[in-house]
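Enquirer: Spelled out, the chains give:
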Amino acid sequence: MEKLDKFIQNLKKAGGEVLDEAPDGWYKTKALLGIAENGAVWIDEYVKELFLSENVAVILDKNSIVETTQEAMEYINTPGIFISGPSKTADVESFLVYGAHGPIRFGIHLI
Amino acid sequence: MKHYELAVEFYKKQGPRHDRALWAIRQKRDKAIKEVKEWEKLRQQASEIKDYVIENLHNLVDEFMKNAKKEGIEVYFAKDAKEHNEIVLNLLKEIDAKKIVKSKSMLTEECGLNEFLEKNGINVIDTDLGERIVQLRGEKPSHIVLPAIHTTKEDVAEILGENNTDPTYLTRKMRKLLREEFLSADAGISGANFLIAQKGYAVVCTNEGNADLGAILPPLHIISVGIEKLIPSMKDLGVFLRILARNATGQAITTYSSIFGKKEGGRRVIVLVDNGRFERLKTEFKETLKCIRCSACLTTCPVFRRSGGHSYRYVIPGPIGSLLAPLSDKEEYSDLPFACTLCDSCEMVCPVKIPFSKQLREMRKYVTNENIIIKFAEKSMHSATVFKLFSKIIRLTPKPFLEKITNEWSRYKALPLIPKERFIK
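Heads up: the protein sequence lines correspond to chains A and B, in order.
If you read the first sequence in the numbering used here, its first letter stands for residue -9, the second for the next number, and so on.
If you read the second sequence in the numbering used here, its first letter stands for residue 15, the second for the next number, and so on.
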């Protein structure tokens, strides 16, 4: 399960969190795969709620985590989006702030 | 004013802070690339893909246009900046657009789109927080990935009319103001980081999510993009997504990497822009077309770090800007290839292996008009008699006058003492 550990570690580095369950009031969606090397998930349901919601919870199957983005691209053949953590910016004097235009919190519920 | 003059002013004001901020990013980048064992192999792959792209650019443009249309995206080809701006204006006029939300696009900066649209009565709101800061300050971005790196939190508080300088507070405030603009805009305009020829898709990488809100909320989404952003396939995209963010900011990947096809319930239009790129393919500077605008060459450059982006006066500053600017206006930017110590740092970090040192040296030649004194000096070395005469003249010329004609060099360096006697009789 080395891939899973790496995924979680990189998700946290990107400001994301691991959720035991998707909390009420959060926008919920499903990811088709996750990437260990950067903690990103691939979502092909590209909807405005992904960006307008303050909190986003993504459900991801532990078995669909791949090692690298290159590996992920072998499975991807449609439009969609890779997301790693909440939206962020460091445009105010290089201070990292979560919640630039999109979600302030971004969690993954692993199943 | 030339680069060396603006650089001195900038350095006095905030050189050390700017230098430290960028060096911190360079260090983050070094850490991030060490996490990828096959980094050098990836760089080589990226470089080879881009070599292929510049050799096959005409075909890839055709393939992309065909596939994007098939996907349900409208595609235009603009031969220059003027044509690009007119296409965009017409698209906006068609829907009677009054306000547009824009996310970062160096190409629209290159074309002067903001000014053009404003002149035609369209309100342009830059939505990248850094770009919004510089827009409100009436400035241009000073770095292609970190547009407001030259400003402080006090500067941001000032333009927002706030006393609180807390970065989180200021970011939230701007988020709130811009969210209203997103919800009421008539169209969104963005750039693109990559275009996939094989599928007709456009790929946009951001951290803030502003490009996505601009793409998804208004009924019309226009993507303005230079033709050099083409890559052949989805497989190639995997290579570039692995290197772009690591090399730019030291992140493993940007928060959002959006692959755009047809727009559900609206129109997506891509305007491909040539603006001299096809011509550049025929020159010794064609390798500048490999650039993916990661900005690592700016961030690492010891001159850029101390002189700030505005001293370059061009939309793209730093080492890559010093190559691109003179190609757009040789006279105006002839100083830029010399804003460089040939230290090679840019070439070391470039993820697509643009041969910066070689290109910058070539560019120095390209911008230098033949100097009659240098020409004479060179000729004189072919004949001992003429050379003796020439060195005699130099010895007899008063030093202040000599310093005057060698201008830039004598600003910070004294001319060496000229020996009374020649080394060889």
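Warning: the hint list may mix true and false statements.
Far from chain A, by Cβ distances over 10 Å, these chain B residues were calculated [claimed, not checked]:
| # | residue |
| --- | --- |
| 1 | Met120 |
| 2 | Asp142 |
| 3 | Val170 |
| 4 | Gly175 |
| 5 | Leu227 |
| 6 | Pro233 |
| 7 | Thr263 |
| 8 | Ile273 |
| 9 | Gly275 |
| 10 | Ala428 |
| 11 | Glu435 |
In silico lysine-lysine, DSSO-like type, Cα no more than 27 Å apart, as pairs [claimed, not checked]:
| # | chain 1 | residue 1 | chain 2 | residue 2 |
| --- | --- | --- | --- | --- |
| 12 | B | Lys367 | B | Lys389 |
| 13 | A | Lys38 | B | Lys276 |
| 14 | A | Lys(-7) | B | Lys51 |
| 15 | A | Lys38 | B | Lys344 |
Keep in mind that the hints were calculated from the coordinates and are not lab data.
Idealized CB from N, CA, C, for every residue including glycine.
Enquirer: Is the nearest CB of chain A more than 10 Å from the CB of Val170(B)?
Expert: violated, 5 Å
Enquirer: Taking only the CA atoms, is the gap from Lys367(B) to Lys389(B) under or equal to 27 Å?
Expert: violated, 34 Å
Enquirer: Would you check whether the claim that Thr263(B) is not at the interface survives, using Cβ distances to chain A and the 10 Å cut-off?
Expert: violated, 8 Å
Enquirer: The output says Met120(B) does not contact chain A. Does that hold with a beta carbon cutoff of 10 Å?
Expert: holds, 16 Å
Enquirer: Is the Cα-Cα distance between Lys38(A) and Lys344(B) 27 Å or less?
Expert: Outside the cut-off at roughly 45 Å; violated.
Enquirer: Pro233(B) clear of chain A by more than 10 Å, beta carbon to beta carbon?
Expert: holds, 12 Å
Enquirer: Is the nearest CB of chain A more than 10 Å from the CB of Ala428(B)?
Expert: Answer for Ala428(B): holds, closest chain A Cβ roughly 39 Å.
Enquirer: For Gly175(B), is the shortest beta carbon distance to chain A beyond 10 Å?
Expert: The claim stands: Gly175(B) keeps its Cβ more than 10 Å from every Cβ of chain A (closest is about 15 Å).
Enquirer: For Gly275(B), is the shortest beta carbon distance to chain A beyond 10 Å?
Expert: With a cut-off of 10 Å, Gly275(B) comes too close to chain A, as the shortest Cβ separation is near 4 Å.
Enquirer: Confirm or reject: Glu435(B) is not an interface residue toward chain A, with every Cβ-Cβ distance exceeding 10 Å.
Expert: holds, 58 Å
Enquirer: Test the statement that Leu227(B) is away from the interface with chain A: the closest C-beta pair must be farther apart than 10 Å.
Expert: At about 5 Å from chain A, Leu227(B) fails to clear the 10 Å cut-off, so the statement is violated.
Enquirer: Quick check for students: does the CB of Asp142(B) sit more than 10 Å from each CB in chain A?
Expert: Check fails; 7 Å does not lie beyond 10 Å.
Of the numbered hints stated above, those contradicted by the structure are hints 2, 3, 5, 7, 8, 9, 12 and 15, listed in ascending order.
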